[in-house]
Amino acid sequence: MVNVIIDGIAVRVPEGTTIMEAAAKAGITIPSLCYLKEINEIGACRVCCVEVEGEERLVSSCNNLVYEGMEVHTNSPRAREARRINVELLLSQHEGECAICVRAGNCKLQQVANSFGILCNPFEKNLPKLQWTNTFPLFRNVQKCIKCMRCVQYCEKIQTLGIWELTGSGGRATIDVTYNRRIKDSDCALCGQCITHCPVGALRERDDTRAVLDALADPNVVTVVQIAPAVRAAWGEAHGLPREMATVRRLTAVLRSMGFDYVFDTAFSADLTIMEEAAEFLKRFTAGELEQYPMFTSCCPGWLRFLKSQYPQLTDQLSTAKSPQQMFGAITKTYFAERIGVPPEKIFCVSIMPCIAKKAEKDGHVFDRKKKELQDVDVVLTTREMDRLIRSENINVFSLPEAEFDSPLGIGSGAGIIFGATGGVMEAALRTAYHTVTGSNPPADAFRAVRGEEGWREAEFDLNGTTVRCAVASGLGNARRLVEAVLAGRVKYDFVEIMACPGGCVGGGGQPIPFDQHDQADVRGELLYKLDRLSPLRYSHENPEIRILYRDYLQEPMSERAEELLHTDHHSWTMPLNPGLQGKDAEDTTIQLGYGQTDFM
Amino acid sequence: MSRLSLETPNKAQTVVEGLYQDLERRIAASPPGLCPVDISLGFLRLCHAQTCGKCSPCRIGLGQLAQLMDDVLSERATLETIDLIEQTARTIADTADCAIGYEAAGMVLRGVQGFRDDYEEHVLNNRCTSGLTQPVPCVALCPAHVDVPGYIALVRAGRYADAVRLIRKDNPFPTACAFVCEHPCEARCRRNMVDDAVNICGIKHFAVTHVGKVEPVANQPSTGKRVAIIGGGPCGLSCAFYLQLMGHQAVVYEQRPKLGGMLRYGIPRYRLPEEMLDQDIAVILSTGVEVHTGISVGTDIQISDIEQEYDAVLLCIGAHVDRKIGIPGETSNGVIAAVEMLRDMGEGNPPDFTGKRVCVIGGGNVSMDATRTAIRLGADSVTTVYRRRIDDMTALTEEIEEAAAEGATILPLQAPLRIEHDEAGNVTALITQPQQIGPVGSDGRPRPVRANKEESAIPCDIVIVAIGQGIDSRTFAEAGIAVNRERFAALPDSIVEGSTKIFAGGDAVTGPSTVIRAIAAGKVAAANIDSFLGYNHVIHAAVEDIPEAPLSPTAACGRVNLRTRPACDCIHNFDDIKEGMTEEEVLQEASRCLRCDHYGYGNFRGGRMRQW
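Protein chains in written order, with the working numbering: chain B, 103 to 703; chain X, 44 to 655.
Derived by calculation from the structure, the hints in this document are not laboratory data.
The structure displayed is predicted, hence computed values, not measured ones.
All C-beta atoms, glycine included, are put in the ideal place defined by N, C-alpha and C.
Please note that a few of the clues may not be correct.
[Said to hold, decoys possible] Under 10 Å between C-beta atoms, here's a sample of chain B residues computed to sit facing chain X:
hint	residue
1	Gly145
2	Ala146
3	Val154
4	Gly156
5	Arg159
6	Asn166
7	Leu167
8	Met172
9	Met251
10	Lys259
11	Gly270
12	Ser271
13	Gly273
14	Ala275
15	Asp278
16	Asn282
Go ahead and model the full structure; you've got the sequences and the hints to work with.
Quick look at the structure:
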């Protein structure tokens, strides 16, 4: 233990504690901008600099450790001046149009500058020219970027994609895509984690709210909206709504008051995905197709983009089942359109997703291969975009009474709801697969061993005398470690669920950004498991609306119609390859990039 | 007012003089990978500030050039801007009245021609082609990327054995390198910005001379793969060491009776005591390397047989053949090749130069080794003849100065013409043609040209030729291995062009070079042979807890250099000529390290590569 005095307060902290953590222990919050625990402790913004007795210069508190007898002053005139000037310098290269910024009210720089009482800036504004594409789902505003490097570090260390890099040198050094690529030519998985870890508004999703407003205003279209499982666990955060009030039924009421004709639940099509994916798994498993490599889930488009850019040779190991979002769109524009007697082209299908990659997925996956102009889903809004829409519509989320989903695509089982958390797809699929194999339901929590906080988990289950080896990973770094192990033969699995975002969709790149930047995935995930636990319906195959859908329309899982509407060809779209793979035979690549194992320099 | 006065610099001038010196050191410490346009714009602005203001091209033109370059960097330019920069720079270079203007414009011109692609990338894509890749300058510039700040911190903490372990992650010759490394790591040491580069090599010297035997890390489980290594020098032994650690069986074939290559048969003992070299080799061999000495590939064993028998082969035969100077009299008795003499020394067969007058031809480090060895062998006089100036010698300045201090006569600007001999064929004199230094050649070095002076004769009994070495790769070329002008045609990943399992490295690929480059080549070869064999073994640092960086840098402080023992003590023996630092000195020197692993760009990139 080490004894230190911070602003006159004596604290005892373990050896190896940073000055910032020691200060926190003394109840003192040292302001910072770039710091992100364990991911970005590089002292780039120099806002957290403090004065240490006996040290010649000010010291960044985020990445320097305390020593015995250290005396720290966080608020000495010297420290205060340095902090203010460093923020003013950052502001001189920050666009600062807070009134029209997505992160207004949720911006570290705004908060820090405000709290320092900075009312004018002696430094001249000096902004680089804006240069980015409007079409890519990820939007970067270089004029807002404060070069904190969080995006660089998160993408490299956690997601192992290394899309972002500090480029150039000198005063013009900036963040850009690695290898001088355009973002759309890069192997960006669109997980959106760089957005949720950006302290300012430099990164955001492409804003698609206008298209939704236009559709809502158009009397000739029927607007249908689906709400993804993970959205219900997070949407209220941006409105300060307590979790017990931020229910999906209240959200249903909100969306209906916004003017959507039908409000449905993606948990419904998650159940549908389970019907197809469980059937597919059992078919491929019993046919011995999974002896070398497992079947991978296909509901996370970030993971699909990752696999297709990093391990294209494994494309055929993906389940051909479309994701719940796409299945929902396909069913909406066929089965549902027929039921309400509206031609599919008059239906405008919106999905509310915790995800950026879903915006790309809806463009890539085509519901009718003969009529490519008609998409399963027309617009994807992230949870954040929806939250902005709610605000712009002046809806009082506190006073609106809860409402029920519409029918027939409005019932989702607990199994469908846990799709939003890591391990949920696996668990849901096993519940139904067990039923298919044995003819009876397993205990609903029989497969809870796949839950957990570990980034890569494995479990074996007995399906009527046959062992099924399962693994679950969330976060692309974990995914990479798992895939490398699979390719090297170090592990053998039959069925693997992968989610691009740590913690699964609840931690998705389209979710509300907590101001303190503490990841909320665990809390939100627990909420989904609670909803499952409380649900009267815990098996996808027992969802009455799913039963009717098969009885009246699809016949059975993997029927010809199901194949046409609910499955996809993962070869029908392409991804730019990882730069390490380019020029190599994509079908025969087993290069080991060593990500996740090496400390990158 | 007085008619004349003595000028004394005013305060501003004095301060600016100091700033010039700061700037010189700062440029020396420039990190690799900076934007070339941006840095030349910085230079240009400095040049413009030097303008007196008399002539328009310089006064106005340099400023306009700077503006145009700023436009290029600030997305205000088109491709035509680059042409305008070029035209303007050419005009200034042609018309500025003095060098302040035309040399400044010349720099811009060389840039716009030399890295036009970067100009264009800025104009077209608002990006730079360069980028900082290696965050820590010393680590970046060490060919083997040894974790320099890490081991300096360990030495400072008194953890010498850990320092050796950390070095061994990238370099299995910590001891030999502590004595003979040319320390490219020091060239751009950031400490230059404060006072002077850290004496990295000297700190290592202290560590290796204050530690007992440090065992290597354990080998990983055996893979059953066998790799033949042809040549037991620093490249081959480094590769063998890492292959053993990875679990492969390395089998070294060495032509000479002992291992070490040029470290034993090229470098004189007074620079690298034999027992020091043997320490490194003993550790390498303790990993289980199989060694066959006295085996000449092509004579005792055929390369085709080796290729068949082993899973992979590394060729690292070094550059041990002397180059002929091609002047009359070269075959006289008493003309010897430096490499041969040094090899004889290494084998324990020193020639007797007692009372002999010796001439050494050449200006490189081998020439200095020959010179100083000849002095120690009892030569009456040793004269080192070089056709350019002393400034142009490729030998380390320190080596030249020490050779002179030991009594060698360094005779620059003398081109050897012929060697005269008596009737018995014994050398009597080296005849040289005096030179004068002339125009700078295309290689950037001033060329010597014939001076209008008489030939001069240097009476001597022995002529040692030290003008470079070649590679004896004929046997291998005949066996079908790709060779380019006697060097093995190896790609950067060390695989030989067109071969399936033959790798090559060291001097035999690069031509005569430094020990640390050979070691790096061995490391690279080991990694790529491992991958080639289908593995991905990882070499870890055996030391994880690198001491934390101190919060403040130490105040500006002189660099501790190793002392050389007085010449009078040195010239009669082959004892180590260097005196290591004292403990106080090494602590002071280690405390000068600015810990670029923790500060600046270093910690952004994790500070260090903990494994490879």
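Hint by hint, here is what the structure shows:
1. Gly145: holds, 7 Å
2. Ala146: For Ala146 of chain B, the interface hint holds, since the closest Cβ of chain X sits about 7 Å away, which is under 10 Å.
3. Val154: Nearest chain X Cβ about 6 Å off; hint holds.
4. Gly156: holds, 8 Å
5. Arg159: holds, 6 Å
6. Asn166: holds, 6 Å
7. Leu167: This hint holds: Leu167 of chain B lies near chain X, its Cβ roughly 6 Å from the closest one there, short of 10 Å.
8. Met172: Hint on Met172 of chain B: holds, closest Cβ of chain X at ~9 Å, below 10 Å.
9. Met251: holds, 6 Å
10. Lys259: Since chain X brings a Cβ to about 9 Å from Lys259 of chain B, closer than 10 Å, the hint holds.
11. Gly270: holds, 4 Å
12. Ser271: holds, 5 Å
13. Gly273: holds, 8 Å
14. Ala275: Ala275 of chain B check passes; min Cβ-Cβ to chain X is 8 Å, inside 10 Å.
15. Asp278: With a closest approach of 7 Å, the Asp278 of chain B hint holds.
16. Asn282: holds, 5 Å
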